[in-house]
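Protein chains in written order, with full-length UniProt numbering: chain A, 1 to 301; chain B, 1 to 222.
Everything labelled a hint here was simulated from the structure, so no lab data went into it. Hints should not be assumed to be uniformly reliable.
As the list claims (entries may be wrong) - Distance condition first, Cα-Cα at most 20 Å in a straight line; then the derived SDA-like pairs of lysine to any residue:
1) A:Lys120 to B:Ala68
2) A:Lys120 to B:Asp67
3) A:Lys120 to B:Pro66
4) B:Lys112 to B:Gln34
Unchecked claim - Partial list, derived from the structure: chain A residues whose beta carbon lies under 8 Å from chain B:
5) Ala44
6) Tyr63
7) Phe68
8) Val70
9) Pro73
10) Arg104
11) Gly106
12) Gly109
13) Leu227
Where a beta carbon is used, it is the ideal one built from N, C-alpha and C, also for glycine.
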Amino acid sequence: MGRRYGVGGPWVLRGVDLALPPRCLVRVEGTNGSGKSTLLRLLAGIDSPTEGRVTGRPVRRAYVPERFSVALPFTAAGYLTHLGRIHGLRGAEAAARAAEWLERFGAAGHARTALSELSKGTSQKVAVAQALLAEPELLVLDEAWTGLDSAARTQLDLAVAERVAAGGTVVFVDHDPRRLAGASDAVHTVAGNALVRGTPETSPAEQGPRVRVLAVGPPGAAPPDGLPGAPSYEPGPEAGTVRLSVAAAHSDALLRALLAARPPWHIREVRAPAPAERNATSTTSTTITTSTISTTGRATS
Amino acid sequence: MTALFRYHAAMLLRSQRWLPPVLLYGIFLAVGVQGGGPVLDSLGVAAAALLPVTAWLVRICTTQEPDAARAVTAAASGMPRAHLAALLAAAACAGALGVVGTAVVTAVSDPKSADGLVDVAPLPAGTAGLLAALVCLLVGATVGALCSRPLLRGRGWSLALTALLALLALVTTGSPAKAAVSGLVTGSRTGAIHTPGLSLAAAALLAAVAAGAVCVLGVRRG
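Just chain A, same shape as in the assembly (with noise of 0.2 Å):
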């Protein structure tokens, strides 16, 4: 697909053509005015190509911008419970989901408050939150971190893995090489107006932060295909035991997903990522509940 502003304006994209599969976390680089929010916005369904097309985007998606800082006549809460209703959910789900990720998003304290007065990083919570709120099968994050303090940072990296476990697909832009390293299953770069195909690097130095996990399964068995994260792993320090590693930001999700195995896999000890000094902790299992959402999305370009 193509796009360009203006009848005979220069072409911003041209002959691009991307297959985004579920279950997967792209990263999208490129240097500034090269066109990587116009594809993200392409991708999302806010513009339209100008030739080609996109198709089969799922139903439920979400988009965040750069900067959020709208003077709506609504409060964060009243906000995001007008933005759930929209992405489908009844209301009185709506404004509980809202309230639970504004909470998670440390932004709780500000569910009365005015949008038009929130301070920047504020309105950015709200912004994210509204995204996840719909747990979207497509979600399109253009530079969504910049003004989150870091544990709101740390916070989305999780909930970008987790929709990526519940077999969402999630397209991202963020000028911090290390975000989701290691995480990511796909970089392509927007250079001229085209898109080049890449592959995350695999250098250890890039990988980023890694969490060691060792679980016990059913006798003799591997751990189950499709995990979250596509953990690497090798036989444990006893026998029957396996070590797990994987991207710290899938780390959540590994467990969850582990737990919710049939049979179920018991986690013995979660190691936290490098440097290795700091202090191991370990979990018990107990039981968690996790929803499975079912996806058949694919967006086409």
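With the hints as your guide, set chain B onto chain A.
Relative to the frame of chain A, chain B by itself:
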């Protein structure tokens, strides 16, 4: 669609942007309608006043959402639906205004023809006035939709063109709004009530085509 409509309607009502057009409508009625005047003349004025007011309301609804918020709603629901919801919210607000205005005008006017010789039944007259108001609403919404984004983005051009087209829609022969209003006013001379059926059909068609065009274009031009 209901959720989108509620969102846009809430945005319009909570930001006091609805106030100026509503005041304009009130001023039109206060100046153009005299208590005890012939009912059909007064209803003609009330209907005509609704046209520029609707165009203004549509302009407000299509421009009030900041770009970042617009991108968010467009991703969630698709640009055409998001734009259509904004148009519907404006039309609903104008509709409520038209119903109240028509009812008040019918109540305070004299149920007689212009020369005071022929009685005019208030209920049929009010109904015809309501239909004429609906015609003006649809034409006004068409004007408003065509003169704001996504077709016209510049604020100056857009405002000037909205005002000009709203005026032309009221005075140009062939415009459904002009036909509906003059049907009421000429009927007032003899006390005959003209129901603007044909004008209504034409205005509905016009509005549907315009809405379809701008909603589809909306996704092309962001």
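Within 20 Å, alpha carbon to alpha carbon, are A:Lys120 and B:Pro66?
-> holds (15 Å)
Restraint satisfaction for A:Pro73 [CB to CB of chain B, less than 8 Å] = holds (4 Å)
Are the Cα positions of A:Lys120 and B:Asp67 separated by 20 Å at most?
-> Within the cut-off at roughly 16 Å; holds.
Please verify that hint: A:Phe68, Cβ, nearest Cβ of chain B, below 8 Å or not.
-> holds (5 Å)
Restraint check, 8 Å cut-off on beta carbons, for A:Arg104 near chain B | violated (19 Å)
A:Gly106 as an interface hint toward chain B, with CB separation required under 8 Å | Since chain B brings no Cβ nearer than about 21 Å to A:Gly106, farther than 8 Å, the hint is violated.
Can we keep the A:Gly109 interface hint, with Cβ of chain B closer than 8 Å?
-> violated (22 Å)
Are the Cα atoms of B:Lys112 and B:Gln34 separated by 20 Å or less?
-> Holds - the C-alpha atoms of B:Gln34 and B:Lys112 are around 14 Å apart, at most 20 Å.
Evaluation of the interface hint that places A:Val70 against chain B, nearest CB under 8 Å | holds (4 Å)
Hint consistency between A:Lys120 and B:Ala68 [alpha-carbon to alpha-carbon, up to 20 Å] | Distance ~13 Å between A:Lys120 and B:Ala68 Cα, so the pair holds.
Can A:Tyr63 be said to touch chain B, with a Cβ gap under 8 Å?
-> Check passed: Cβ of A:Tyr63 comes within 3 Å of chain B, closer than 8 Å.
Minimum Cβ distance from A:Ala44 to chain B below 8 Å?
-> holds (4 Å)
Checked against the numbered hints above, the structure violates hints 10, 11, 12, 13; every other hint is satisfied.
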